[in-house]
Amino acid sequence: MTLMLLSGPVSEPVTLDQARAHLRLDAHDEDDLLNAFLVAARAALEGRTRRAFITQSWRLILNAWPAGAVFLPIAPVSAVTSVTMNDAEGPRVLAATDYETALGERARLLPSIVWPAPTRRIGGIYIDVVAGYGAAGDVPEPLRLAILLLAAHWFEYREPVSLGPHGDELPFTVSALIAPYLRLHL
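Just so you know, the numbering used here puts 113 at position 113 of the sequence shown, and the rest follows in order with no gaps.
Some clues are possibly wrong.
[Claimed, not checked] DEER-style ranges, computed between Cβ atoms:
hint: 1; residue 1: Arg183; residue 2: Glu100; range: 15 to 25 Å
hint: 2; residue 1: Asn86; residue 2: Pro180; range: 38 to 48 Å
hint: 3; residue 1: Pro142; residue 2: Glu169; range: 33 to 43 Å
For the record, the hints were derived by calculation from the structure and aren't laboratory data. In this text, a Cβ means the ideal position worked out from N, Cα and C, and glycines have one as well.
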């Protein structure tokens, strides 16, 4: 199973002006760096929480149909835009009546038919989805604050900082803010 970004967000949940105000910056000479930290903080926290914050398009690539439902590994999902599989005649888009969708936090597809087997053994099934909370103002405030604090942390401490025994932990405040939004593997 592979998850691939098709089109990223058109804006960021935290603006450059908000970050500048938080850091109390008057000069504009490091705006590009600060903006890069905002983008990187959003991407890092999306990866950690397995969520899309701003509306984005994603493709889930499968080698074979699982038994039962196909669980989508990103949240919140607002739409399944297409389900494509490779058969003997090439790529074929399945009709929306061939499956049922459950959207939102635990998005999944349930077959209405017996799933046809793809003829391509590696990456023969594509499921395209739209995920995210919506626009910047729709992102929950704790996630927006976590982005702001992580970007500010990176801005203030430009050299790598090792946190935790493996050096991959987030600052405690950021971890606490995203904790309710973590999607755990069960």
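How the hints compare with the structure:
1. Arg183 to Glu100: 15 to 25 Å: Given about 22 Å between the Cβ atoms, the range holds.
2. Asn86 to Pro180: 38 to 48 Å: Holds - the Cβ-Cβ distance for Asn86 and Pro180, about 39 Å, lies within 38 to 48 Å.
3. Pro142 to Glu169: 33 to 43 Å: Roughly 18 Å apart at Cβ, these two residues miss the hinted range, so it is violated.
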